[in-house]
Amino acid sequence: MKLLSGAIVLILVLAGCATTWIKVDDAGRSYKNEHYSSTLPTGWMRLESDDGLVLSKDGILLQYISILFRPHKKAFEEIEKDSSPAMLPSELAELTIAEIKAGQDEGLPSLRILRNEPAEIAGHTGFGIHLQYKTADGLRMEMLLRGVVNDNGFYLIKYSAPTLHYFNRDRQVYETLVESIQL
Amino acid sequence: MSHHRGFFSLLLISVLAVTGCASTPSSKLHYTIKQDPGSRPLEQIVLLPVDIDVYEMSAGGVKEEVPEWSSTAENNVRNALLVTKDAGNTCCITRHVDSSSLTPDEQEILEEHLAFFNTVAANALWTTLPVNTAWHFKAEHFDYTLGDGLSFLKTKYDLDAGLILLGEDVVSTTGRKTTAFVGAMLGVAVPLGHSILMVGLVDFSTGDLLWMNHEVSTGSTDLRDPDSCTEMAHRLMQGYPGTLLVKGSNPQAGN
Amino acid sequence: MRNTLLVLAMMLLTACESTPIRPMQGLDDTRSLSPEERRLWHSAGEMDEKLENADYLYEDVALQAYLETVMQRIYPEYADSISVRIVDSPSLNAFALPNGSIYINTGMLSRLENEAQVATVLAHEGVHFTHKHSLQQRRSQKNSTAFSTGFGMVVGIPALGDLIALSSIYGFSKELEREADAEGFKRLQSAGYDVSQAPVTFEFLLAEVEALEIDEPYFFSTHPGLEERIQSFRELVEQHDKTNGYQGTEAYRTQVDKLQLELLADYLELSQHQSVLLILDRPDAFNRYPPSAWYHLGEAYRLRNEEGDTDRSVSAYRKAVQQAPEFAPTYRALGMYYMKNNEPVLADNYFNQYLELHPDATDRDYIEYYRSGLKAGK
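Residue numbers (my numbering), protein chains in the order written: chain A, 1 to 183; chain B, 1 to 255; chain C, 1 to 378.
Honestly, the hints are just simulated from the structure, not real lab data. Note that the structure is predicted; figures quoted are calculated from it, not measured. No residue lacks a Cβ here, since even glycine has one placed at the ideal position from N, Cα and C. Mixed in with the good hints, there may be bad ones.
Stated by the list, open to error - Below are the EDC-like pairs computed for lysine to aspartate or glutamate, each with C-alpha atoms no more than 20 Å apart in a straight line:
# : chain 1 : residue 1 : chain 2 : residue 2
1 : C       : Lys340    : A       : Glu48
2 : A       : Lys101    : C       : Glu238
3 : A       : Lys81     : C       : Glu262
4 : A       : Lys81     : A       : Glu91
To be verified - From chain A, some residues computed to sit far from chain B (all C-beta separations above 10 Å):
#  : residue
5  : Trp21
6  : Asp58
7  : Leu62
8  : Leu68
9  : Pro71
10 : Lys73
11 : Glu78
12 : Lys81
13 : Asp137
Said to hold, decoys possible - Pairwise CB distance ranges, derived in the manner of DEER restraints:
#  : chain 1 : residue 1 : chain 2 : residue 2 : range
14 : A       : Asn33     : B       : Arg95     : 51 to 59 Å
15 : C       : Ala65     : A       : Glu175    : 46 to 54 Å
16 : B       : Pro226    : C       : Ala65     : 42 to 50 Å
17 : C       : Ala265    : A       : Leu114    : 16 to 24 Å
18 : C       : Gly225    : B       : Leu82     : 55 to 63 Å
19 : C       : Gly225    : B       : Ala189    : 22 to 30 Å
20 : C       : Gly45     : B       : Ala189    : 28 to 36 Å
21 : A       : Ser37     : C       : Ala324    : 43 to 51 Å
22 : B       : Gly187    : C       : Ala265    : 33 to 41 Å
23 : A       : Thr176    : C       : Glu368    : 24 to 32 Å
With the sequences and hints as input, model every part of the structure.
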């Protein structure tokens, strides 16, 4: 669950791994898999990878939304912890933050939690986190995370963008997508 | 001032590996200018602080920055661009901003925007990779922006737009060149280094990236040498729309 | 055969640096750097800037001044050249840059017991600077990678040079580290420190490495084996005057003990419960840690979640309440426990106490959510 997963995906593309980006049109807005369904934003590009679903409008270095699903067993790979259906929202948030910090690449000691509170996904109460960090160049990045558990596993919906211009511009797209999710 | 551009360099070199040589057009123009060249009149265009790192690469591939060489390369590039003129002999860029003339807060804002340009440029490059055909609409409708964070340069210094220029040069030692020679005989490619220049023209009011270009040279350019550097800088500035944007000028000039 | 000959010829032609590198003789040597050294110092200066701009450093003027004083006691002639900075990280690490910037992590500081032990670490790091180990290592890399590049080409693997170059910041060669130990030991003795603390420094670090199964590059793990180092320090101690030197336990703890609770909280935030248990789950732990650390011990048991840990965690929380009644997080922890064990009245009481003690709690929204659920009977 690395914060810089967008850059890694980019490198994989350059390495020639097969990836297929598809533009979301009106006909393709409804998305469904075995774990969840959602309404995708028109005009954005989507990519399905092993990590989950990734969406971007201008390119993953400028903004991306990702939807991840993990079974409870080793849901948190970096810290080697499981999630469980009975886990409290604050406990889930605590492990998510630990996972992010444990997986952080060099350049994220500036990570700050701006907000961490209960939040809803598909009628279930989970957590909502807003964090900020600085890259090694000094570029501020912000991230929104919404997470929840049910009997099947752990769901994490993430939005990441530079603070400059892009984060606030596309934030509502993320919020609308989260509201559309059904588990 | 030195930005961490390892990822960006990796990206550009990877582009070369994927495409063979830089055969795809690298110059990108904001869609509003493509649609209407006279739509973005600008009077005062300046060169922002140039940032180039020059490294020496040893026989075994160990890379070390040489600060004196970096400074020489920056001076060479600055001098090359400040004398750039179009066919009509209208000087496009006559001023450069010295970062010491900015307040500490302004320097911090500028630094972050230069880092941001690095990211935006890398992203723009990625969307135009041959393998990324699904993203090529971004090249046709080029609308990247840095936001309005640099608008203080307009209000405080009466500047309309700025050229951002980043670069990297890797110079091989004699030992490295010998290794490459022997490698060639054995049929093994040993990289000899590269020169990379990346430029962007930013509208200070809106942050729009009006034009962007890059130039990559593998082994034949030395940014420490004024003539070699000027040649590469002039190749980089081909397609520069500056004269199209100067108020009162003939919009066809420079085509 | 022809190819091999060509490669060997190429290696001979390659200009391997053979000019010996002598250690600094004094401050003047820092002002007459070779072009090669200037490049290294330039890179080091950029790393200093990056560490500072990226919020890596722990800001504590008094603690930093104290460590600088220790460094000046060990290296008085380099007072203007060597600086000590503190990295805000719970990992056990310290490192030196070629320009005399020495960094030591808060994790390392919080584990050490006295000034003589931190002096052991700082003396060791200082030798990397005075004996120009970065320059030696860099030359060795350039020469060895030239060799390995040549060799690699013969067998068809040309990329070894890059790997060695990339790993240079994670420690020096065993030979250079042994020199740093030996020369650092001399400095320790000259500065009047109790040299018997030198092997002790590494003995408890060894216990930690083994208990936590640390395998990533650390201050000591890329170095000569810890056991070997402990043995060589013991031999050095035997050879030297056994008159007790300065330990400086009280002076050290006055400066450093403020880090204790912060580090425990850092470990819990990283879900590193093993580190907290290693520190606190022993009889003498609370000689050095305040009673509120019972809460941290309880949290470590909760995170470990092995058989019997729930009872252990509650027992620890109760001790925290008895001995540190003003420490708010304990009440939250007990509230969570009773909520999960279907005792809503007790849970709500503890949550209430938590918020009364800590009205600005950043997790207030979670607590209020839980309380509303308790009241609604969920």
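(message) Holds or violated: the 22 to 30 Å window for the beta-carbon distance between Gly225 (chain C) and Ala189 (chain B)?
(response) violated (39 Å)
(message) What's the verdict on Lys101 (chain A) and Glu238 (chain C), does the C-alpha distance respect the 20 Å limit or exceed it?
(response) violated (44 Å)
(request) May I ask you to check that Leu62 (chain A) keeps its beta-carbon over 10 Å from the closest beta-carbon of chain B? (result) violated (5 Å)
(request) For Ser37 (chain A) and Ala324 (chain C), compare the CB-CB distance with the range 43 to 51 Å and indicate the outcome. (result) Given about 49 Å between the Cβ atoms, the range holds.
(message) Please check whether the beta-carbon of Lys81 (chain A) is more than 10 Å away from every beta-carbon in chain B.
(response) Label holds. Min Cβ-Cβ 30 Å, cutoff 10 Å.
(message) Need the status of pair Lys81 (chain A), Glu91 (chain A): alpha-carbon distance at most 20 Å?
(response) holds (12 Å)
(message) Verify this label for me: Asp58 (chain A) is non-interface relative to chain B, using a Cβ-Cβ cutoff of 10 Å.
(response) Its Cβ does come within 10 Å of chain B, the nearest being 7 Å, so this is violated.
(request) Compute the least Cβ-Cβ separation between Leu68 (chain A) and chain B, then decide whether it is above 10 Å. (result) holds (22 Å)
(message) If I claimed the Cβ atoms of Gly225 (chain C) and Leu82 (chain B) lie 55 to 63 Å apart, would that claim hold in this structure?
(response) holds (59 Å)
(message) Checking a non-interface call: every C-beta of chain B should be farther than 10 Å from the C-beta of Glu78 (chain A). Is that right?
(response) holds (22 Å)
(message) Given the hint of 33 to 41 Å, is the C-beta distance from Gly187 (chain B) to Ala265 (chain C) inside that range or not?
(response) violated (58 Å)
(request) Could you check the hint for me, namely that Asn33 (chain A) and Arg95 (chain B) are 51 to 59 Å apart, CB to CB? (result) About 56 Å separates the Cβ atoms of Asn33 (chain A) and Arg95 (chain B), which means 51 to 59 Å holds.
Against the hints set out earlier in the document, violations occur for numbers 1, 2, 3, 5, 6, 7, 13, 19, 22.
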